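**Q** As you go down the protein sequences, you meet chains B and W in turn.
Following the numbering used here, the numbering of the first sequence begins with 1 at its first residue and continues without gaps.
Following the numbering used here, the numbering of the second sequence begins with 1001 at its first residue and continues without gaps.
To be clear, the hints were calculated from the coordinates, so they are not data collected in a lab.
Since this is a predicted model, take the numbers as computed values, not measurements.
Don't take each hint at face value.
[What the hints assert, rightly or not] Every beta carbon over 12 Å from chain W, so not counted as near; a handful from chain B, in silico:
hint	residue
1	Glu39
2	Gly82
3	Ala95
4	Pro140
5	Glu141
6	Asp156
7	Asp240
[Stated by the list, open to error] Examples of chain B residues lying across from chain W (beta carbon under 10 Å, computed):
hint	residue
8	Glu215
9	Ala225
10	Gly227
11	Arg231
12	Glu232
13	Leu256
14	Leu259
15	Ser263
16	Ser265
17	Asp267
18	Arg274
Just so you know, even glycine gets a beta-carbon here, dropped at the ideal spot from N, CA and C.
Residue strings, one per chain:
Protein chains: 2
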Amino acid sequence: MVTSSAPGKVYLFGEHAVVYGEPAVPCAIEKRARVTAREIDEGLRVHVDDLTLDGYTVEYTGEDDGHPDLEADESLVRAGVGYINEAVAQARAVADRPDAGFEIVVESDIPLGAGLGSSAAVVVAAIDAASRELGVELTPEEIADRAYQVEYAVQDGQASRADTFCSAMGGAVRVEGDDCRRIGGVGNLPFVIGYDGGAGDTGELVAGVRQLREEYDFAADTVGAIGDIVREGESVLGTDDYDSMGELLNFNHGLLAALGVSSRSLDAMVWAAREGGAAGAKLTGAGGGGCIVALDETDGALTALRYTPGCEDAFRAELDTDGVRRE
Amino acid sequence: MVTSSAPGKVYLFGEHAVVYGEPAVPCAIEKRARVTAREIDEGLRVHVDDLTLDGYTVEYTGEDDGHPDLEADESLVRAGVGYINEAVAQARAVADRPDAGFEIVVESDIPLGAGLGSSAAVVVAAIDAASRELGVELTPEEIADRAYQVEYAVQDGQASRADTFCSAMGGAVRVEGDDCRRIGGVGNLPFVIGYDGGAGDTGELVAGVRQLREEYDFAADTVGAIGDIVREGESVLGTDDYDSMGELLNFNHGLLAALGVSSRSLDAMVWAAREGGAAGAKLTGAGGGGCIVALDETDGALTALRYTPGCEDAFRAELDTDGVRRE
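Same shape as in the complex, but just chain B (with noise of 0.2 Å):
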């Protein structure tokens, strides 16, 4: 039995623009996902524990067509039942045990659905832990790759490299297209997350940062700018000035608030972080509802957060310079 976790993450700059062959910086949080393989005689057992906030659990035996029998949302369950099948897949291809059978745990303290990498850090896990436990060790970067292929499947092709390649490796990433490398010499980030219990449509708001882009000049100028700030802030990771990288967070915020992708309540996250005291804040990931992540070394936005109507939870979740490991 071997049981390996990994990392969610935020974007610190530059989510959008990244479809658009701009830089992006994501990185690794104190937030892990926890995955326990067993191999057994033979089939799939699934347990899967707290994986949303309110959590549900599913046992099933069989592949794609088991129905496990629960209350839980089944599109969810359905989804989440893809990426283990998918990565017990590549435990077993890469051992080349078709046929190993396997009972899987998972536990997550990444919420679900929120933009925090919940899904590639699950898979990360399993392709770790499952493999281990057919006697293979998967480098981290082949465990990236991996978790990508899995993500593509399961996804319908509409993945990004980003997310698994940041669980995998852990710290400070920094992804261009489909190159994704480690930024060396971040020690610590002070992050703290709000998030509104929603998540945004994130297949819409792609669409509609492309249709503004493509209408309007300004609009790619804007997509533009945000590449810009992920060049600048490049500079300032690895320092601890955490006022020039808040600026460049707030000025982030704002240009993907003029791409049309925040809300109400993150805008109403984002500022109360702000007056709370953080350097900076900005909505992290896709928008249109979810997470906001903000930097501050006091409790100040954390307190400020939890009294925000419409922020449903807030917490701290430092940069994680560890990716998926065996526990």
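Keeping the supplied structure of chain B fixed, place chain W upon it in accordance with the hints.
**A** Below, chain W without anything else, positioned relative to chain B:
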């Protein structure tokens, strides 16, 4: 005795960027300042009613060193009195009557200090009323120019030609540097205004944008993108394509937020207006607090604003095609 009135204004597009030579489009609104001028034997007597939301009355005789006896904020009164003094001086100069005495009564529907051009409207109406009372009829262009001289003197050289030109001419105007002209063919714009009861520090906000623009190329690009929005907006003005115009308002607001001139209450009002059904909404003026302007033909945005915490006042104020006029 002559009564003249002149409208306040909102910035449909382009505030802040106009400082760097980009065009801007202020629009006169159906909220007016009315000034009554009556020639008296000597000196200057001023009655100011409802110039602020709470209202106060100033009555005094004499020049700048006159100290009216009242409970209103003294710096506010001093500023208001300065505008009237200088406006009356313009009327005395055009009529070549340096010693003409005046009783002046000022009434205004325009919230003071909210960024809606209340001082420009008072100055414009005062110059018109006082010069007519002395038998001289100035063109709106002449009044605009003289009103600008007044604002320039009272505001220590920090005046923009936009407010006084817009108030004198009415309608939608285009400002680019010192070049101001009226935009023809704009019939109606269904403005809804939300006011948070506060005001930002204009000098500080302008300085903040300047600093960002000097430090970061992407901030300079953002200022340029606002100029592009204005040029795009000009092609939509004169149509009733409020959806496109609203899209431009929303984008303009995001870019202003990126430049650091929005605020928690301004963002809250902007979202209330949008979710209430407005085609679009943005802050208007220097920002940091004050007013937002939304485009909405229905009552939705107005209702939403009235139920928004932090919105002190909300009202409809459509485009006013009349500039300064005798009542």
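**Q** Would the stated hint for Ala225 (chain B) survive a check requiring a Cβ distance to chain W of less than 10 Å?
**A** Interface hint status for Ala225 (chain B): holds (4 Å vs cutoff 10 Å).
**Q** With 12 Å as the threshold, tell me whether Asp240 (chain B) passes as away from chain W on beta-carbon distances.
**A** Holds, because the least Cβ-Cβ distance between Asp240 (chain B) and chain W comes to about 19 Å, which exceeds 12 Å.
**Q** A cut-off of 12 Å on Cβ-Cβ distance, and Ala95 (chain B) was said to be off the interface with chain W. Does that hold?
**A** holds (48 Å)
**Q** May I ask you to test the interface hint for Glu232 (chain B) with respect to chain W, counting a Cβ-Cβ separation under 10 Å as satisfied?
**A** Given a least distance of 6 Å, the restraint on Glu232 (chain B) holds.
**Q** Could you check if Leu256 (chain B) really has its C-beta closer than 10 Å to a C-beta on chain W?
**A** Holds: closest Cβ of chain W sits about 8 Å from Leu256 (chain B), inside 10 Å.
**Q** Interface hint check: Leu259 (chain B), Cβ to nearest Cβ on chain W, cutoff 10 Å. Holds or violated?
**A** At about 7 Å, which falls below the 10 Å cut-off, the nearest Cβ of chain W leaves the hint on Leu259 (chain B) intact, so it holds.
**Q** Does the nearest C-beta of chain W fall within a distance shorter than 10 Å of the C-beta of Ser265 (chain B)?
**A** It holds, given that the least Cβ distance between Ser265 (chain B) and chain W is near 9 Å, below 10 Å.
**Q** Double-check Glu215 (chain B) for me: the hint is only fine if its C-beta lies closer than 10 Å to a C-beta in chain W.
**A** Check passed: Cβ of Glu215 (chain B) comes within 9 Å of chain W, closer than 10 Å.
**Q** Would you check whether the claim that Glu141 (chain B) is not at the interface survives, using Cβ distances to chain W and the 12 Å cut-off?
**A** Fine: 32 Å to the nearest Cβ keeps Glu141 (chain B) off the interface.
**Q** Is the interface hint satisfied for Asp267 (chain B)? The criterion is a beta-carbon contact with chain W at less than 10 Å.
**A** holds (5 Å)
**Q** Using Cβ atoms only, decide whether Arg274 (chain B) comes closer than 10 Å to chain W, and label the hint accordingly.
**A** Cβ of Arg274 (chain B) sits 8 Å from chain W, so the hint holds.
**Q** Gly82 (chain B) clear of chain W by more than 12 Å, beta carbon to beta carbon?
**A** holds (34 Å)
Comparing the model with each numbered hint stated earlier shows that all of them hold.
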